[in-house]
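Residue numbers (numbering that gives the first Met the number 0), protein chains in the order written: chain A, 0 to 279; chain B, 0 to 390.
Heads up, some of the hints might be wrong.
Said to hold, decoys possible - Beyond 12 Å from chain A on every Cβ pair, some chain B residues (computed): (1) 21; (2) 35; (3) 44; (4) 46; (5) 48; (6) 80; (7) 99; (8) 115; (9) 152; (10) 366.
Unchecked claim - Partial chain A-side listing against chain B, Cβ under 8 Å, derived: (11) 53; (12) 54; (13) 74; (14) 75; (15) 77; (16) 127; (17) 142; (18) 143; (19) 149; (20) 152; (21) 160; (22) 164; (23) 166; (24) 170; (25) 171.
Just so you know, these hints were derived from the structure itself, not from any lab. Bear in mind that the values here come from a model prediction, so they are computed numbers and not experimental data. Cβ atoms here follow ideal geometry from the backbone N, Cα and C, with glycine treated the same way.
One-letter residues, chain by chain:
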Amino acid sequence: MLLPTTTLLLLTLAGVPVQAAPQAATPALPIALERRLAERLGARVGDTLAVGREAGAPEGRAVVTAIYEPAADPSVITRRDLHARFHLPDFTALLGAPDRVDRFGVGLAPGVPPDSAARELNRIAFGFQASPSAEIASESSQTFRVVSRFHDAIAIISVVASAIFLLCIMLLKVEERRRDAAVMRFTGIRRRTIFAALLLEAVLVAALGSAMGVGLALVAGAATNAYYQRFFDTTLIFSAVTPGILRFSVLLSLGLGLGAGALAAWRLVRTRPLVLWGRE
Amino acid sequence: MNPLRNLARHPVRTALALAGIAVTTAMLLDMVLLAGGIERSFAQLLLGRGYQVRVSPRGTLPFDTEATIPGARGIAATMRRDPAVEAVAPIVGSSIHARRGDSLVTLFGYGIDPAAQALYQVTAGADLAPGDSAGLLLSAPAARVLAAAIGDTVVLVSRLDPQMAVAGSSRTVVVRGVVRWLYDARDQASVGTLVPVMQELAAFRAEDRVSAFAVRVTGDADSAAARLRAALPSLEINSVGAMVLRFRERLTYFRQLSLILGTISLGVTVLLVGTLLTITVNERRGEIATLRAIGVARGTIVRAVMLEGGALTTLGGGLGVLLGLATAEQLDRILTSFPGLPAAISFFVPDARSLALAAAVLVITGIVAGAYPAWLAARAPIAETLRTEAT
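Excised from the complex, chain A in its bound form (with noise of 0.2 Å):
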């Protein structure tokens, strides 16, 4: 079934300006304002506007019935456009366009492929063209999968960045005890305890420094979500900490804690005590 045509349309304001008019003898419009429009006009539920094609050319006079707040769109969020409700003959109407539409949402009988009846669609098709709503879907998410694989591109390089830091770090950490390592050895203690003990530190400060990581990316996640949230005036959540990604940046700082951690460990023990102690 096809969408009545008093569906009401969501349409961009851009070229239809809006502004508040006078009282007036001819029947106002229904108008629907998104809330951010509504703020910026400073209208209100039963206000009369002005609206028109062109700026500063009013064609006719619309009365708010609603104020609403749109579902939050991340693929137009930058353009930050400001939109209006009207019913669909009212605005082909004030376009000068009447009868005329962009598109229709098609509503098919259950077990119908959307795939076949597009095709099917297409085969008659003259000056329209029939798409699914999947394959829409996936073409307005190509902007997405772009910034998604930027953002997997960033991350490789930060994962590499603080693998290197990490390992630099764990090198230098077990490093720093060879005079400990040494004194342990002239003791009698073995080696395999030592490498163990060397290991359990480096360990220990891959597990604290994953907790802190883990606690800094929470607090900067909920401060990403708290100031774009407010810069955009919108609900979309822009950073989200998952169980998986926390897992992934665990079990990898952990890892690389231990590796390094045993490398330098190994190294140690190796060494001659009186090389460690620096006498020969």
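Chain A is already provided as a structure; the job is to place chain B on it using the hints.
Structure of chain B alone, referenced to chain A:
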């Protein structure tokens, strides 16, 4: 106290530190390039043909919406009356179709005035002559999808009526040349005709509507734009500089991301260099105390430690610049695949100023990171340290 010799004493840790600095430098460089790159690229694109002012329907940027400007000739005449205005280029943009056999190919159609145009460069064949209402310009992708070459005839149609299955407007034109449309996305099939032809196809003719104007002015573009705004208050008139500023607002995310990641990169570099030098200084306390004991000045010790930090950062930074340029190319390839983005836009634009800024910040960071270890080295008590080292 040769910094390079000191670094060579511990090849594994030095190699790791250099690798760490190289990666963080690469990140820093990429973020510096990203922070200003797209704006520079956008400004270069807009100024590519020397038109410094854009005129669009009120509340919009050119081609941002389907809104159009009526009374184009009158508006152009008003603008030309300003003594600073050298040329006014009207632009019409509309979705049209071309017949290819029994099927229709959807194209983007530009209406241009070849005597004053800011949209294309001819790559093959000839430009349209003024008054050549039967001529057509094709982009290379349009030539491909239409299988058309210079001299071929193309039938353009528009305003398709689905109920009657007829085109409301049709025009037979001859391909004069192949052009590169400056604002086209990759593989965008676009064609161009004279303004009146495209107005007719797009049903803009009756009200003489255009999508936008590009204006070339002499002198200060901002002042000229302000004068034109005063003369035509119902239009959106911006200099390229003002448009770049508005464009910046839409790119807040990338600018802030680059600032945050750049800062983190610097922080990591400071930590890495600082930690390495602190441990190195601690290991060499005996050597440093001995040098002090035989009369080497504190300033010399401090300078040597800070130079070591500078050397480490310079070497790692050098590698990082190469790595950063390579990763910037890859990241740019990802971001320029944004749908609808003009093919000429780049996000990471290397320029001497960005490279110099990144290098200067990095070297200063390395030297500053060495300040604490240098301070530690300078204030170590000589006698106590020597006694401790001797036991």
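Quick rundown of the hints versus the structure:
{"no.": "1", "hint": "21", "result": "9 Å, violated"}
{"no.": "2", "hint": "35", "result": "17 Å, holds"}
{"no.": "3", "hint": "44", "result": "19 Å, holds"}
{"no.": "4", "hint": "46", "result": "23 Å, holds"}
{"no.": "5", "hint": "48", "result": "25 Å, holds"}
{"no.": "6", "hint": "80", "result": "20 Å, holds"}
{"no.": "7", "hint": "99", "result": "15 Å, holds"}
{"no.": "8", "hint": "115", "result": "24 Å, holds"}
{"no.": "9", "hint": "152", "result": "22 Å, holds"}
{"no.": "10", "hint": "366", "result": "19 Å, holds"}
{"no.": "11", "hint": "53", "result": "6 Å, holds"}
{"no.": "12", "hint": "54", "result": "3 Å, holds"}
{"no.": "13", "hint": "74", "result": "11 Å, violated"}
{"no.": "14", "hint": "75", "result": "11 Å, violated"}
{"no.": "15", "hint": "77", "result": "5 Å, holds"}
{"no.": "16", "hint": "127", "result": "5 Å, holds"}
{"no.": "17", "hint": "142", "result": "6 Å, holds"}
{"no.": "18", "hint": "143", "result": "10 Å, violated"}
{"no.": "19", "hint": "149", "result": "5 Å, holds"}
{"no.": "20", "hint": "152", "result": "6 Å, holds"}
{"no.": "21", "hint": "160", "result": "4 Å, holds"}
{"no.": "22", "hint": "164", "result": "5 Å, holds"}
{"no.": "23", "hint": "166", "result": "6 Å, holds"}
{"no.": "24", "hint": "170", "result": "6 Å, holds"}
{"no.": "25", "hint": "171", "result": "5 Å, holds"}
Of the numbered hints stated above, those contradicted by the structure are hints 1, 13, 14, 18, listed in ascending order.
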